[in-house]
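Undergrad: Take the sequences, apply the hints, and build the full model.
Residue numbers (our numbering), protein chains in the order written: chain Z, 1 to 292; chain B, 293 to 1074.
Derived by calculation from the structure, the hints in this document are not laboratory data. Just to be clear, a hint being listed does not mean it is correct.
Every beta carbon over 10 Å from chain Z, so not counted as near; a handful from chain B, in silico [as the list claims (entries may be wrong)]:
hint : residue
1    : V789
2    : A957
3    : H998
4    : F1039
Label pairs and their computed distance ranges (CB to CB) [claimed, not checked]:
hint : chain 1 : residue 1 : chain 2 : residue 2 : range
5    : Z       : N217      : B       : L541      : 19 to 27 Å
6    : Z       : M127      : B       : Q772      : 30 to 38 Å
7    : Z       : T45       : B       : V609      : 50 to 58 Å
8    : Z       : T134      : B       : F566      : 39 to 47 Å
9    : Z       : T114      : B       : R762      : 29 to 37 Å
10   : B       : V609      : Z       : S283      : 41 to 49 Å
11   : Z       : W80       : B       : Q772      : 53 to 61 Å
12   : Z       : A171      : B       : G979      : 54 to 62 Å
13   : Z       : M127      : B       : S892      : 22 to 30 Å
14   : B       : R762      : Z       : T46       : 31 to 39 Å
15   : B       : G979      : Z       : T45       : 15 to 23 Å
16   : Z       : E22       : B       : F795      : 28 to 36 Å
17   : Z       : G158      : B       : L569      : 31 to 39 Å
No residue lacks a Cβ here, since even glycine has one placed at the ideal position from N, Cα and C.
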Amino acid sequence: MKIRFITGLTVICGLLGNACTERMDITSDYITPRLVITGYITTDTTVHKIYVRRTAAYFGKERQLTYSNARVKINGVPLWPAGDGEYHTDSSFYGVCGETYTLDVWLDFDEDGTEEHYTAAAIMPEMHTLDSVTLASINRGSIKPPWMLMMHFQDLPGPNNFGVHLYIHLASGRKLWYSEQLQQYFINNFGDYAAEGEYINFPALSYIITESIRWYNNERIALYPGDTLIAELNMLASDYFEFIRTAQLEINGGNPLFAGPPANMPSNIQGGALGVFGAYTVSRQRVIIPQW
Amino acid sequence: MLLKNVSYIIFFFLFLPFNAIAQRNVNITGTVSNEEEPLAGATVFVQKAATGVQTGINGQYKLSLPAGVHTIRVTYIGHKERLQTVDLRRDTVIHFQLEEESRHLDEVIITSKQPNINIVRPEMGLEKLSSAQIRQIPPLMGEVDILKAIQLLPGVQATSEGTSGFSVRGGSPDQNLILFEDATIYNASHLMGFFSVFNNDAVGDISLYKGDIPASHGGRLSSLLDVTAREGAPDWGVSAGIGIIASRLLVEGPVLSDKITFLLAGRRTYADLFLPLAANENIRGVDIHFSDVNAKIQARIDAANFISLTGYYGRDVFKNNDIGMNFSNVAYTLRWKHLFSDNFFSHVEILGSSYDYRMEATTSALTGLWDAHIIDNGLHADFIYSYGGDNNFRFGYHSVFHRFAPGDGRGILPDGNEYFIHIAKKQAWENSLYFADQRRVSEHLTLKYGLRVTRFDNIGPTTDYRINDRYAVTAGDTVQVAAGRFYNHYYGIEPRVGAVWTFNDRWSVKASYSRTEQYVHLLTMSTAGSPLDIWVPSNLSIKPETAQQTAAGVFANFFDNMLETSLEVYYKKLNHVIDFKDHPQVLMNDVVETEIRTGSGENYGIELMVRKNKGKIRGWVSYTWSRALRTIDGINDGRPYSAPYDKPHNINIVLSYDISKRLSASLNWIYATGQPVTFPEAYYEFGANRVPVYTQRNTYRFPDYHRMDASLTIQLGKWRPHKKWTQELNISLYNLYGKKNPWIISFRTDDTDGSQYARMTYLFGIVPSVSYNIKFGVKSEE
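TA: Quick look at the structure:
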């Protein structure tokens, strides 16, 4: 809806004058680098990763420096350094619903010869099982695209910090993680729409499925009958949900019509580092694009 | 002092009406106008009786004279003096129409009551513009706009490129009380802010009080913009204008007799009519337009009683195939003016206004509707007693009942289930008593002082919240209030004091102090202007905002008042000012109080102005240096930061030149320091995303803003001083040299090398426009 509202404004500006967009030079002061620790665990059984890096200047080509000499543990179990600031769990690792996971990182970031200790905790939420995914045509009375991706699942008591990832498996064999960019990722706490414990049928509003959908770097992906859409329902830990919500506001400089003044995202890392340590559940279902 | 003032009030209430009855002079009443409009501040003087008055806002006057023959002299700057001898035997009505000395001269006369009014009046920071003056400013898209003209005054700045929102002395837009015939206008913009709701054809006087707000008004911290509706002329008249984006029509005239006159004016944009022809199919389905109607009817019941009814309705529509949004303003004022005597009269008004917006989406997968509004209804009773010269005493009572509906949503899910979102409605009652006295104490000193006392009540039914120290609501802090229950209140004591010391008729110094309180607050998420703003009242957790302004100035006129100059210095201290916490959720949030942070603020500055009122070249040059800082716990780590409208340097140059009687040119140039903004200084990666890292709020600025506009107005047809038909063509260029002033700055990643860069969106390059105006009016004779 926001995108369409902005489109409307652009139309107005186009009518009124000759609104235009162009690149401009901005010089900002570079702040003292800060340590950044990011990562999350899920209920999937797989290698889980923690990243230890430091900030880099926003404008220009500077890349983040990484730290491969940190000691990293989750619930006391060491992660092994995989290079480039990545620390991996064992491939048999998975998160258990209701469990509290504590991340500990030791690193001499300020180079004073003594390691500083950084820590964070995340509780794995209760699993919400996605029963099915359907496609509902936006046009009343039609079965043709554009469709919305409808999620059908039973709500459970407790916080409702939902997220929906979308994966696309084309019949050609190409596989896309469509919501890899945070701004594509659909999150909603459903607080206003469903009472506790109701059965929820709700569209993941970020995903309008048309014959040709726009993806990363404006690439158009053509969809055909027989292509597979995989929806992944997530229940996010509260801190992680807030991190994602604010990140969606801040990336690309915010939205001047709906966002407040820009501000740093919250961090649940104790010890002065930026970043987030999150946890979320995973439940997937698929739907095949029908003939239209 | 208090007892003395109370005794004044009792005196005027109890004795003035009887005093009026005791006088047995013959009354002479009427209006003074030129062929276009009533003249406020014209002098009606009777030499034999050595008495005189100045006309009111609508050109009306009243004199009490001994029966007999009198010669009445009527004068107004820029007009030929008129002498008329009358034999008064009973109460008489005489309307005077003055002839302009030069048709063009009138169009730049500021509605001053006397040539050096800027020297002698005790008010500070008061700016007045006439609609004729505003017509000379180059318009955007051919639409003359009051609020864009206001933005050219010292201490006033646009909130965003191209919009009619304005900031006065660093205050936020909601700190401006915008009145149309005393009814509050909550959103004074059309088309997302590009045009104001005021149709210049239908307005009379425009007065902007920058902080030194009269005691008769309150409820806002920064300014009072008082816009009056023009009264219909006693003779038939029609005017119309055709621009490239909108057209307008005005009709005025008598109803049955010249004691009752009306004015009806309307506007509509029509760009939407051409959208179906657009090449882009997304644009073809778009409907964007606004329309508004102004109406006023007034009746002169007798020599002492006047009644008028003014109405305004404006509506904006934006919709495409999937989503729609519309918003509207309504305002009405029913006014009864009563003259108890020559020098004691009253205004009693029943008035109200509403602003509402609605969004809707309709698809088979999701149907939704979102509706919000604010409604005011009120009563004003104002009494004015003039007791010689410019001395006058005013007192009155204002009562306004506010109803807020921050939002109601409903929709239908694909499975047919309905969902509802309801944000608790709120009600508040604002009652104020005031008095204001202005008196000339000595030859050199004039004082003004007054007091406004307000009680603001929150009334049920509603749900209110007590916010704890962590800005959260716990279960016990939710208050369910029954219907009609007064559950919370605030008192406001607002003294207003001012003085002017006139060295002579060309030099003066002034000083003023005012305290103001604000009980309704605008929660806007937009840095670019949005109609989806939410108004909320002070309540259990939102205290009234307060401001105390101290100001001083030097005023001097030169060359027989041809050149007016002024230097004003001000300092304003604010308390309980509102800002948002980081990443607030305002829309559809029923506990929006948790998103708000309050603190203190300081606004200060110097305003310089030189204005030329006569001659072929007229206009003004102004320079303002100002700062506006906020200190709020939880924002910027509690350290002071620039307010969103902190723009230290501002220069305005507004000029017009009469090339000939048929041809005039106007030009203005605006320069302002770029608006404060928060830019990222570092980043880190999270998955495939770059997350920005900031240091302090508003430490950076947009590039400095500057723009030049020019226009040429050509009187069509042969020029004659008083012909019935007049036609003119206005050709204007907005942003003459095509300065790309940023509206939005966002950030992108370069696909080729992965570097991060800034991208600006600007709204206007060079915008040419043409408008054609025609006016038909019959010159009336006595």
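Undergrad: With reference to the structure, classify each hint as holding or not holding.
TA: Each hint, compared with the structure:
1. V789: holds (36 Å)
2. A957: holds (22 Å)
3. H998: Non-interface label on H998(B) holds, nearest chain Z Cβ at 16 Å vs cutoff 10 Å.
4. F1039: At roughly 4 Å from the nearest Cβ of chain Z, F1039(B) sits no farther out than 10 Å, so the non-interface label is violated.
5. N217(Z) / L541(B): 19 to 27 Å: violated (51 Å)
6. M127(Z) / Q772(B): 30 to 38 Å: holds (36 Å)
7. T45(Z) / V609(B): 50 to 58 Å: holds (54 Å)
8. T134(Z) / F566(B): 39 to 47 Å: For T134(Z) and F566(B) the Cβ distance comes to about 40 Å; the hint holds.
9. T114(Z) / R762(B): 29 to 37 Å: Given range 29 to 37 Å: holds, Cβ gap about 34 Å.
10. V609(B) / S283(Z): 41 to 49 Å: About 43 Å separates the Cβ atoms of V609(B) and S283(Z), which means 41 to 49 Å holds.
11. W80(Z) / Q772(B): 53 to 61 Å: holds (56 Å)
12. A171(Z) / G979(B): 54 to 62 Å: violated (27 Å)
13. M127(Z) / S892(B): 22 to 30 Å: violated (49 Å)
14. R762(B) / T46(Z): 31 to 39 Å: holds (38 Å)
15. G979(B) / T45(Z): 15 to 23 Å: holds (20 Å)
16. E22(Z) / F795(B): 28 to 36 Å: Taking Cβ atoms as reference, E22(Z) and F795(B) lie about 55 Å apart, which means the hint is violated.
17. G158(Z) / L569(B): 31 to 39 Å: violated (54 Å)
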